[in-house]
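These protein sequence lines are chains D and Z, in that order. Sequence positions in the first sequence follow the numbering used here and run 110 to 315. Sequence positions in the second sequence follow the numbering used here and run 827 to 1017.
These are calculated hints, taken from the structure and not from any lab test. C-beta: ideal position from N, C-alpha, C; glycine also. Treat the hints with care, as some may be off.
Claimed, not checked - Part of the chain Z face toward chain D, derived, beta carbon under 10 angstroms:
1. PRO892
2. LEU898
3. ALA953
4. GLY1004
Unchecked claim - Some chain Z residues close to chain D (C-beta under 7 angstroms, calculated; not the full set):
5. PHE893
6. LEU895
7. LYS899
8. VAL909
9. GLN912
10. PHE913
11. PHE917
12. GLU919
13. LEU924
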Amino acid sequence: MIDFLLHNPVLTALIVLGSLALLFGAILGFAAVRFKVEGDPIVEQLDALLPQTQCGQCGHPGCRPYAEGIANGEAINKCPPGGQNTINAIADLLDIEAPSLDEEHGEEADTKTVAFIREDECIGCTKCIKACPVDAILGAAKQMHTVIAAECTGCDLCVEPCPVDCIDMLPVETTLKDWRWDKPGSSIIATDRNSNATSDDEGQAA
Amino acid sequence: MTELAVILISTILVNNFVLVQFLGLCPFMGVSNKLETAIGMGGATTFVLTLASICSYLVNTYLLEPFALTYLKTISFILVIAVVVQFAKMFIEKTSPLLYRVLGVFLPLITTNCAVLGVALQNTAKARSFFESSLFGFGAALGFSLVLILFSAMRERISVADVPEPFQGAAIGMITAGLMSLAFMGFAGLV
């Protein structure tokens, strides 16, 4: 065997390098499974509770960085799109007292809204396109812009930069297609938590 | 014991990899802006270099030499180094999150550190024994860390000094490195 290999140097080189690579691949594969590190699970859970509007009103560049911020001890009441519902859900998860929304970061909208561009007034400056965190505004320079209503999260960030104030936030009208029953109140959901903590958000329990 | 001291002194001071042999200059210039990162990089490099010189010695002695394949040592050592770095990264991440936070970002950078490959190649070229090879790797890494930390401490001071405009930034760094190299030449003939 050794003799055969020594007479075929090219074949030997291929076999040796190949088996070396295979061995190292196996070691790394084993290490990847054996030393697998789970991501910070609390960040995942917090991220799931945030509304994913990526609006940046909390001061972070998106929902996930804010979730990481909360995990590092930041205040939980900085999310206007999520409103009191989200604050209550996060407080519930972290087992702390639910504070009210911090007005500094914006007010909670009563109803869900979407942006609407009055198209005959639009001058095509693209400023709202740059402001939109979810790329829901369509248009080009000196061309009329419009909002893709299905993508808009109603975060208000495009209203401020518009130089001609042609963006309105219109409430979403409930139609037959998207009408739903209200979610059941927390009082009728079985829970192992203290009922006092969730009694104040009746009808909106997460 | 004397032999041990001789190897360490010769790798750390006399044949310093960065300032005398000019290997591993990229991290030397790249991560020496802050003392903290330099310490992190030094620690990570020490860890990887020692491990990599041990592994490449084993690969060379038990795989390449019996099959007369020593002409493949460069590519094999690159493979070994890449795997050692990746394995060390996973291992540290799992066992010591604190150490990972300090060293973590620097570990992948070491793959391309020429000093690591240089040590492995020199070990085989000079036919060192297993013990000598690993000690040589360790000493080279200590020398690298020493120079990196000294250099970054100097650069921290230089960054607040009033440097003439044409010399600001990388230029003054290069000049400092050159002066340090001159100073290290003074160790020649120590051993």
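Hint by hint, here is what the structure shows:
{"no.": "1", "hint": "PRO892", "in the structure": "holds, 8 angstroms"}
{"no.": "2", "hint": "LEU898", "in the structure": "holds, 6 angstroms"}
{"no.": "3", "hint": "ALA953", "in the structure": "violated, 20 angstroms"}
{"no.": "4", "hint": "GLY1004", "in the structure": "violated, 39 angstroms"}
{"no.": "5", "hint": "PHE893", "in the structure": "holds, 5 angstroms"}
{"no.": "6", "hint": "LEU895", "in the structure": "holds, 6 angstroms"}
{"no.": "7", "hint": "LYS899", "in the structure": "violated, 11 angstroms"}
{"no.": "8", "hint": "VAL909", "in the structure": "holds, 4 angstroms"}
{"no.": "9", "hint": "GLN912", "in the structure": "holds, 6 angstroms"}
{"no.": "10", "hint": "PHE913", "in the structure": "holds, 5 angstroms"}
{"no.": "11", "hint": "PHE917", "in the structure": "holds, 6 angstroms"}
{"no.": "12", "hint": "GLU919", "in the structure": "holds, 5 angstroms"}
{"no.": "13", "hint": "LEU924", "in the structure": "violated, 13 angstroms"}
Violated hints, listed in ascending order, are 3, 4, 7 and 13; each of the other numbered hints is respected by the structure.
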